[in-house]
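Given next are the chains, with one letter for each unit.
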Amino acid sequence: MMILNRKYSHQYPHQVAEAGRRPLLSRRGQSIIEFVFVGIPMLFVLISIFEMSRGMWMYGTLAHAARRGVRFASVHGINCVPNPPGVTNDCTKTIAQIATEIRNAGVGLDPAITTVNFTVLVGTGQAATSTCTLSNCPGTIWPPSTNNANQVGQRISISLVTPFRSGLAMFWPGSSPTTFGLINLPASSTDSIHY
Amino acid sequence: MMYERSRRQGGQAIVLFTVALMAMMGMLGLAVDLGWSFFVEKQAQAAADGAAMAAVKEGLRRASATSTPFNSLTCNGGGVNQLYCTNGNPTPCSSISSPSNLYAACKYAEANGFTSGGSSGRQTVTVAANLGAPPTGEGLSANNVKYWVTVRATQTVPQLFSAVLGNSQGLVASRASGALVAATAPVSLYALNREGDCVDRDPVDCGINIKFEQNGGGFNAAGGIVLGSNCTSVVIANQCTGYTGRGGTNTSVTAPTPIVIRGGGTVQNPSTYHPGTVSTGGGGGLFYDPTRGLPQPPIAAGAPIPTCGIQNGTISTSSALVLGPFNYYAYSTTNSQQNKPNASGAEIKIDTSGNGSVTFATNGTCPGILSSTGATSQVGNAFPVYLFHGGMNIGGSSSSTRVTFGPGQYVFDGNYHTSSDENAKSFVVNGSSTQITTSGAAGQMFIFTAPTGSNNTGYPGLDAQVNYLSSQTATTGVRFDTTTAGWYQGKHQIQPSSMNASTTLNGLNTSGGGVPDSLQPYNGVLFWQDRRNTKIKYTSDGTYNCAPYVTGGSSTCVKTTSEIAADRVTPGLQSPEMELGGTLHLNGVSYQPRGAWVEFQGPGATMNVGGLQVLSGTIYSEATTMVNLSLPTNPITQISASLVE
Numbered sequence: 001m002m003i004l005n006r007k008y009s010h011q012y013p014h015q016v017a018e019a020g021r022r023p024l025l026s027r028r029g030q031s032i033i034e035f036v037f038v039g040i041p042m043l044f045v046l047i048s049i050f051e052m053s054r055g056m057w058m059y060g061t062l063a064h065a066a067r068r069g070v071r072f073a074s075v076h077g078i079n080c081v082p083n084p085p086g087v088t089n090d091c092t093k094t095i096a097q098i099a100t101e102i103r104n105a106g107v108g109l110d111p112a113i114t115t116v117n118f119t120v121l122v123g124t125g126q127a128a129t130s131t132c133t134l135s136n137c138p139g140t141i142w143p144p145s146t147n148n149a150n151q152v153g154q155r156i157s158i159s160l161v162t163p164f165r166s167g168l169a170m171f172w173p174g175s176s177p178t179t180f181g182l183i184n185l186p187a188s189s190t191d192s193i194h195y
Numbered sequence: 196m197m198y199e200r201s202r203r204q205g206g207q208a209i210v211l212f213t214v215a216l217m218a219m220m221g222m223l224g225l226a227v228d229l230g231w232s233f234f235v236e237k238q239a240q241a242a243a244d245g246a247a248m249a250a251v252k253e254g255l256r257r258a259s260a261t262s263t264p265f266n267s268l269t270c271n272g273g274g275v276n277q278l279y280c281t282n283g284n285p286t287p288c289s290s291i292s293s294p295s296n297l298y299a300a301c302k303y304a305e306a307n308g309f310t311s312g313g314s315s316g317r318q319t320v321t322v323a324a325n326l327g328a329p330p331t332g333e334g335l336s337a338n339n340v341k342y343w344v345t346v347r348a349t350q351t352v353p354q355l356f357s358a359v360l361g362n363s364q365g366l367v368a369s370r371a372s373g374a375l376v377a378a379t380a381p382v383s384l385y386a387l388n389r390e391g392d393c394v395d396r397d398p399v400d401c402g403i404n405i406k407f408e409q410n411g412g413g414f415n416a417a418g419g420i421v422l423g424s425n426c427t428s429v430v431i432a433n434q435c436t437g438y439t440g441r442g443g444t445n446t447s448v449t450a451p452t453p454i455v456i457r458g459g460g461t462v463q464n465p466s467t468y469h470p471g472t473v474s475t476g477g478g479g480g481l482f483y484d485p486t487r488g489l490p491q492p493p494i495a496a497g498a499p500i501p502t503c504g505i506q507n508g509t510i511s512t513s514s515a516l517v518l519g520p521f522n523y524y525a526y527s528t529t530n531s532q533q534n535k536p537n538a539s540g541a542e543i544k545i546d547t548s549g550n551g552s553v554t555f556a557t558n559g560t561c562p563g564i565l566s567s568t569g570a571t572s573q574v575g576n577a578f579p580v581y582l583f584h585g586g587m588n589i590g591g592s593s594s595s596t597r598v599t600f601g602p603g604q605y606v607f608d609g610n611y612h613t614s615s616d617e618n619a620k621s622f623v624v625n626g627s628s629t630q631i632t633t634s635g636a637a638g639q640m641f642i643f644t645a646p647t648g649s650n651n652t653g654y655p656g657l658d659a660q661v662n663y664l665s666s667q668t669a670t671t672g673v674r675f676d677t678t679t680a681g682w683y684q685g686k687h688q689i690q691p692s693s694m695n696a697s698t699t700l701n702g703l704n705t706s707g708g709g710v711p712d713s714l715q716p717y718n719g720v721l722f723w724q725d726r727r728n729t730k731i732k733y734t735s736d737g738t739y740n741c742a743p744y745v746t747g748g749s750s751t752c753v754k755t756t757s758e759i760a761a762d763r764v765t766p767g768l769q770s771p772e773m774e775l776g777g778t779l780h781l782n783g784v785s786y787q788p789r790g791a792w793v794e795f796q797g798p799g800a801t802m803n804v805g806g807l808q809v810l811s812g813t814i815y816s817e818a819t820t821m822v823n824l825s826l827p828t829n830p831i832t833q834i835s836a837s838l839v840e
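Going down the list, the sequences are from chains A and B.
Number 195 marks the last residue of the first sequence (the working numbering); no jumps.
Number 840 marks the last residue of the second sequence (the working numbering); no jumps.
Simulated from the structure, these hints should not be mistaken for laboratory data.
Don't take each hint at face value.
Here are some of the chain B residues that sit facing chain A, going by a computed Cβ distance under 7 angstroms [claimed, not checked]: (1) Gly334; (2) Val376; (3) Ala378; (4) Thr449; (5) Pro451; (6) Ser837; (7) Leu838; (8) Val839; (9) Glu840.
Every residue gets a Cβ at the ideal spot worked out from N, C-alpha and C, and that includes glycine.
Assemble the whole structure, with the sequences as input and the hints as a guide.
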């Protein structure tokens, strides 16, 4: 209506004025009011789309990184030996090396605030577990040989948690309007040791 | 006024928008095109993984079907049981057809949405395969990888938004390599007997994996325990004599991880199992004979080795005697007309007294009648072959016998007896303070077998030795040949009367030097019992030639009477028996096929067995002894098809 009126007002200002409408000058605040009604929800929707997409992207990255980490670890089990059987295995991988693989696969993740949990499952129990920050993982061999955790068939699990801070939370009714909301995104992947 | 302003500033937004559009398209491209590429990459990886696995799994089946030793696989590429190679060159799936095992890769890639030239020509799938280790993998060498397949799946992704920035195409590629690898699984105790597999003891035990004869004693297995029977408290005739694990409340079974039981099997007193049990479904995987895919280790001498006749089978000495790598047998007299010994079929008895000792070493001699022609000497070989016909009895007459086994393959070619009796023994250690030691780094491999049966399914490499021995002995004695009845495998007992007796033996160590190529896949094997000496139908590659047991039905896994006779299964002792007692320092693998049993005898309160991996059908605790098995030092090498990269 607004545009239509304005268009008419350009072409037939006098007719419009004569039709008993209020003068153009007095309608200038209308667009601001309309913007408040339409624009703010629209901005909210837009920001929501951006933030949700960003969150899902991060989750997708996280899940992809976890999977790549597990895939890497699962082909570096006890039998990954360049030497004849019986000779010391120098193909073993450390937690730090697996973490590097995860970082390379997870472009966009902040390693300083992403925590990673390594677990080896045997039967219904847990043979070994280790937790570290992605940027600072220890140089211990994974999967470890204790409890036969590096045997073929044992299940390796890697869980990643990264905080996702979103401005979307500011719009949430009742939340504090000055801080970004914090959601911890979790992702995990499990595979058996292939060899 | 409004009209005036519009006229002056109206085009500005268009310009700004156009400039912003470039950046926005870039961002959109990042999100949409890159996101799509990631999605396609996941699909490509799944297709490549599945394809590579399919090709090597089919390759494993083919390698097993022809019984080709793992170390001498070839790429004949000429039939349904041959491996195919591409000399390592990536070959598009469009040029690969059946019956190549690589065709399986292409079909699996296709099932996962990737074909050569698929998706309007945007996809490629290439397969590369060769013997040895793949050039791209890590920690892979020809020592542990014998055949590999690498699958590459690629797809060109047309760019929707990134095209604005000049990238009209994006290439997504995934690679996966599968291989036939030598893998180890150091489980301490593998009890392979399934429901329907009966052990010929008194009473007969069917479908039992662990049994305590006394209410006491236990097993402490550092490498874990796997039980293959799914029997529960329900008794089913000829199938389950009750629980898969039977023992009183004072017994104990301990492992670092829960004891794994196949498909719903339960134990009599679960509280005596630490840290509990876990039952998993299915009949394959973990519960198969771990040596499946491996033919039996061949006699490591291609040509007949010289025979050495021992009069009355008696080797008794009070000095240091060194015996060489020969084909030993006992004889009673010499036939004057034929000028050859009359073989008696008796066991070789070894006793030493005082400072005496018997050592088996490559530079040793023959303290009897040595054949002179027609044989190839093993003397001087780093890992020679010793054969014994009629069995060996150590310390039967002297309580302090000392025997040293040097590196080599020791083959016990059965025991001669015509009735089913307790004396059917092919390897016995007696005495109260017998000392058995070992020398050399390459270890020992003991093979318990018997001559070929009438259906010519003999032990690999043994026939030539038996026939040669036959030609060297008089026709009036007990005949050593492939047709004479009465040669059976018998049982194997290390059963000294006291813990003062000590037995130290180490399994084959392929990095110990001089081990023949044909034995390379059998690293770790200390005792190997011929698979023929069981009622269970094995195929030559160690898989079972039977359908899964049907409840209440008869087992198709058990051989017929004629098959049992042809395979020289011991009469009355149709489940091969091994007894272990005294102080043991055994390292390596004790292999018995499904259907066999092993018994731990003590007699002390504690038995530290060493880093032995025990594979057998049923495991018995005879006394109230605590049996400690440390982590297997050199577990069996399994051939498996797996992803390696």
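Against the structure, the hints:
| no. | hint | verdict |
| --- | --- | --- |
| 1 | Gly334 | holds (3 angstroms) |
| 2 | Val376 | holds (5 angstroms) |
| 3 | Ala378 | holds (4 angstroms) |
| 4 | Thr449 | violated (13 angstroms) |
| 5 | Pro451 | holds (5 angstroms) |
| 6 | Ser837 | holds (4 angstroms) |
| 7 | Leu838 | holds (5 angstroms) |
| 8 | Val839 | holds (6 angstroms) |
| 9 | Glu840 | holds (6 angstroms) |
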